[in-house]
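**Student:** Each chain, letter by letter, is given below.
There are 2 protein chains.
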Amino acid sequence: MGKIAQARVLAGFQDFLPEKMRFRNAVISAVKVVYERFGFLPQDTPCLEYADILLDKYGENQKLVYDFHDKGERHVAMRYDLTVPLGRVVQMYGGAFNFPYRRYQIGMVWRADKPGKGRYREFMQMDADIVGDNSMLADLEMILLNIEIMKTLGIRYRVRVNTRQVLDSLIEKCGLSQEKGVELVRSIDKFDKIGRQGVIRELEAQGFSLAVTEIVGEYLDIEGDRDNVVSGLEKLLSSVSSFKSALAYLRDFSKLIADLQIERTQCIFDPTIARGLDYYTGLIFETTFLDDPAFGSICSGGRYDRLITTASGEEMSSIGLSIGLDRLFAAMESFDLLPALRPAIDVFIINFGDMYLADYARIALRLRSIGLSVEIFSKPVKIAKQMKIANIKKAPYVLMYGGDEAAEKVIVVKSMMSGKQEKVLLERLEDSFLSK
Amino acid sequence: MGKIAQARVLAGFQDFLPEKMRFRNAVISAVKVVYERFGFLPQDTPCLEYADILLDKYGENQKLVYDFHDKGERHVAMRYDLTVPLGRVVQMYGGAFNFPYRRYQIGMVWRADKPGKGRYREFMQMDADIVGDNSMLADLEMILLNIEIMKTLGIRYRVRVNTRQVLDSLIEKCGLSQEKGVELVRSIDKFDKIGRQGVIRELEAQGFSLAVTEIVGEYLDIEGDRDNVVSGLEKLLSSVSSFKSALAYLRDFSKLIADLQIERTQCIFDPTIARGLDYYTGLIFETTFLDDPAFGSICSGGRYDRLITTASGEEMSSIGLSIGLDRLFAAMESFDLLPALRPAIDVFIINFGDMYLADYARIALRLRSIGLSVEIFSKPVKIAKQMKIANIKKAPYVLMYGGDEAAEKVIVVKSMMSGKQEKVLLERLEDSFLSK
Chain A
1 MGKIAQARVL AGFQDFLPEK MRFRNAVISA VKVVYERFGF LPQDTPCLEY ADILLDKYGE
61 NQKLVYDFHD KGERHVAMRY DLTVPLGRVV QMYGGAFNFP YRRYQIGMVW RADKPGKGRY
121 REFMQMDADI VGDNSMLADL EMILLNIEIM KTLGIRYRVR VNTRQVLDSL IEKCGLSQEK
181 GVELVRSIDK FDKIGRQGVI RELEAQGFSL AVTEIVGEYL DIEGDRDNVV SGLEKLLSSV
241 SSFKSALAYL RDFSKLIADL QIERTQCIFD PTIARGLDYY TGLIFETTFL DDPAFGSICS
301 GGRYDRLITT ASGEEMSSIG LSIGLDRLFA AMESFDLLPA LRPAIDVFII NFGDMYLADY
361 ARIALRLRSI GLSVEIFSKP VKIAKQMKIA NIKKAPYVLM YGGDEAAEKV IVVKSMMSGK
421 QEKVLLERLE DSFLSK
Chain B
1 MGKIAQARVL AGFQDFLPEK MRFRNAVISA VKVVYERFGF LPQDTPCLEY ADILLDKYGE
61 NQKLVYDFHD KGERHVAMRY DLTVPLGRVV QMYGGAFNFP YRRYQIGMVW RADKPGKGRY
121 REFMQMDADI VGDNSMLADL EMILLNIEIM KTLGIRYRVR VNTRQVLDSL IEKCGLSQEK
181 GVELVRSIDK FDKIGRQGVI RELEAQGFSL AVTEIVGEYL DIEGDRDNVV SGLEKLLSSV
241 SSFKSALAYL RDFSKLIADL QIERTQCIFD PTIARGLDYY TGLIFETTFL DDPAFGSICS
301 GGRYDRLITT ASGEEMSSIG LSIGLDRLFA AMESFDLLPA LRPAIDVFII NFGDMYLADY
361 ARIALRLRSI GLSVEIFSKP VKIAKQMKIA NIKKAPYVLM YGGDEAAEKV IVVKSMMSGK
421 QEKVLLERLE DSFLSK
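So the sequence lines, in the order shown, correspond to chains A and B. Going by the working numbering, the first sequence opens with residue 1, and the numbers climb by one from there. Going by the working numbering, the second sequence opens with residue 1, and the numbers climb by one from there.
Treat each hint with caution, since some may be false.
Because identical chains cannot be distinguished in the list, a pair is counted as satisfied if it fits within a single copy or across any two copies.
Said to hold, decoys possible - Below are the SDA-like pairs computed for lysine to any residue, each with C-alpha atoms no more than 20 angstroms apart in a straight line: (1) Lys71 / Tyr58; (2) Lys190 / Thr310; (3) Lys193 / Thr309; (4) Lys63 / Thr272; (5) Lys71 / Leu236; (6) Lys3 / Asp113; (7) Lys385 / Thr309; (8) Lys3 / Ala311; (9) Lys20 / Ser177; (10) Lys32 / Arg22.
In case anyone wonders, no lab produced these hints; they're calculated from the structure.
Work out the full structure: start from the sequences and follow the hints.
**Tutor:** In C-alpha cells form, the structure reads like this:
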C-alpha cells in the first residue's frame, strides 16, 4: 500500500499499543476469571445487527446508534450495548436453554456520542447477566460478584444499593404521577454531582411544590449504616401502601448481606441511587471508589424483569451488571492500581552472527517450551547496542552464545537485575531457568 | 424492550453460544500463548477507520469493504483486515518504536462477501507480524511459529514454502511480461484444487504458448523432499539470471530448517504455493492438514517488504502470518481436535430453601476463592430435578446442605462421575477439594 496519505484515527476511537494493551488484557482476564468462578459462561454476538433489532430500544439515545445501509441495502446497525443482543439470543435459542441462563459477554459497543475525556465512540463493555431468575439469591450473587471483582482488582470500593420499590414509594409519598416521578428521580440521581441543595434547587426550578421538596429533603438526609437507612426510610415512607413489600425486601436483603459479614464500607443502602427508572424493576446498584465517589460508577447494574422475553412472549426476570473497561481502566491507572505484569520478553538472545542462527532458534524453542517468552535479536550489531535494546524491552535475562561458548558447550546467562553473569552448560539451560 | 418483532441474525454473521464460545476461547488462548512465547506483543486498533485509509488497498476486493457515512458525514469503513491498520499504526507511532516491532492482533474483520459454508461476513483473524526486519532469522521464526501453533493445537500439518523469487524466475524462464506472469501464477495457485491437467488446460485456454505450458508442466512435476525440490528447480531454472539469488536463499533456508530437525512431513518446498503476487516479496507459505490438504490453508503468510512505511516514507521490511479462526475452528471440529475443556461448573449447590441462602453463598465464595466455578441453584425445587440440571450442566460435584447437615456441621459432597457421596466437615470443605 505504501505510505498512507493521511494516517489518523477517528475521534472517539483508540489504538491500543502493546504497553497499554497488555494491561487491558490483564484487567479483562481478571474479570473473566471471576465471572467464570461465579458460573457465568461466555457468549458472543455479531457487531452488526439488523437495525430494527436495535432501534426503538434506547429511547432518546436512539440517535447515538451507528446505523447504515449495507451493500445489499439492508438497514443495519452496530452493537450499542450487550443487553439487547442478549434479549435477541434468549428469544431465538431460549427454547433449548436451561434457565437460569448465566452468561457473560465482553465486547466493543459503538455510540455516536460527543467524544470527550473518558467518553469514547468505541468502548468495551464487560457484562454478566442472569436471565430467568427472580430469586433474592440472584440479587445477592450479583452483589457478591461485584464485590469479588473489586477485591480482585485491588480497588477500595463501595457498592451502593437501592431498589426501584423505594423510589416508587417516594413518588407515591409525594403524590406524583409516574411521569413527574421520573423527573423527580432524575434530579435525585444527580445528588453525587450537585449535592442536596442542588437537587432541591433543581426541583424548585422544575416547579415541584414545597411539600414535595420537603419530602425529598428528608429523603436525601437518610444515611448511615444499612439499618439506619432502613429505619430512616421506614419513618418517612411507612404511610405509603407500596412501601410494605419494599421494606420487607430491604430487611431480608440487609440480613443476608450482614450474615455474609459485608461491612458498611463495602455495601451500603443509598436512596439516591436511581439509574434508569424505565429499565430497572427491582434492585439497583452502582459501585464507586470509596476514596473518590466523584469519579463516578465503575460497575453498575440491577434487576430488569420486563426487557427480555422468550419466543412465546413470556417475560424473563433478569439481573445483570456491566463494567465499562475504559472508565475502569482510567480509574485504575489514576489510582495506580494497574496489575503487575510479567515481563513481555523473559529472555533476549544476543545475536553474534548468522552462523549461530540454528543454535539460537534451538535455544529459543527449548526455553519457549518451558513457558518463557524469548526474542532473538534480528541483527548481529554491536553487543552494547543489543544490550541497550534488551534493557528497553525490560527483559530480565540476556543470553550470549558465540564462538567461545560454542566450543565450550556453554551459554552465558546474564541477569539484567543483578548484572550477574553465569556460564551454564548448554544441556542444562532449561534446568537453570526452572530453578530460578 | 419486550419481544423483538423479528429476532434474526444477518446472513454471514454468527452468534456464539457458550458451548461453542468456550471452545473458541480455548483455541484463541492457545494461539495467544504461543505468540507471546515468540515475543509478539498484543495490539488493537479500532473497528472503524476513515474510509480513505482502507480504500484503494485491496484491489478489486475493495467492493467488499463495509463503508458508510456516519452521523457527522464522515466516510468511514469497517476493518477489512489487520495489516492495513498495522501499517497505519507504524506510520503514526513508529518513531517511538524499537524495530523490529513484533505484534499480534486478534480481532474481527468484516467483508461484504457472498456468505456460504465456512465463508462469513464477520470473522476473526489472528495475525502475528514482524515489522522492520529483513533477516532470514525473521523468516525462520515465522515458520517455527507456524509449526509451534500447529503442534500446540494437536494438528497434523504440513507447512508448504515457496518464494516470490522462484515464481519470478519461472515467469522470466517463460519469457512473460509481469502482467502475463501474474495470470500464469494465478493458475498455478489453483493446483491443489484443479490438479496438473487443470492448470495446463486453463493456461491453454488463456492462450499461453506450448513452450510456456511445457515449462509449467515441468515446474509442476517438481516435488519430493526439500533437496529434491531445490535440485529440480535448479535444473529447470538455472539458465535464468534472477534464479541465482533465489537458489542461494533456498539452500540457506533449507539448511536451517534441516539443522532444526524439521521433517519433510512438517515443512516442504512447494513451487505451487503462490499467494498474492501483488503483495508478497519473498518467502510465501501456507499450512494445510497433512491428511487432507484439500481442506485448504489454515495458516498462511509471507514476507512483504513494500506495504508498510514509516512517516518519512521509508519502506519497512515485514513478514507475517494470519490465522482465520473460523476456518481453523471448523477444521479442528471436523477432525475432532477441539481441546478438552475444564468443566463450566465445577460445583453445583443444591438449594434446600431460603433459610440456607447465606450458608450457600458463604460455601460458594470459599470454593470460588480456591479457583472453582460454583453455581447455587436458584430455587428449592425437588432434589431430583436439581440433580438432573447438575447433570445437564456436567458439574462433576454436587453439594447438599440442609437441616441435618447444618445440625452436624457437615456437607454432603457427591461425585457425579462415581456417584459416590461423602460427608465432609464444613470447616474442611476447601481441603477436601484441594486434595481431589
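**Student:** Now, for every hint given, state plainly whether the structure supports it.
**Tutor:** Here's how the hints hold up against the structure:
no., hint, verdict
1, Lys71 / Tyr58, "between (26 angstroms within a copy, 17 angstroms between copies)"
2, Lys190 / Thr310, "neither (35 angstroms within a copy, 48 angstroms between copies)"
3, Lys193 / Thr309, "neither (36 angstroms within a copy, 48 angstroms between copies)"
4, Lys63 / Thr272, "neither (28 angstroms within a copy, 52 angstroms between copies)"
5, Lys71 / Leu236, "neither (59 angstroms within a copy, 48 angstroms between copies)"
6, Lys3 / Asp113, "neither (31 angstroms within a copy, 27 angstroms between copies)"
7, Lys385 / Thr309, "neither (64 angstroms within a copy, 24 angstroms between copies)"
8, Lys3 / Ala311, "between (52 angstroms within a copy, 8 angstroms between copies)"
9, Lys20 / Ser177, "neither (49 angstroms within a copy, 48 angstroms between copies)"
10, Lys32 / Arg22, "both (15 angstroms within a copy, 12 angstroms between copies)"
The structure fails to meet hints 2, 3, 4, 5, 6, 7 and 9 from the earlier list, while all remaining hints are met.
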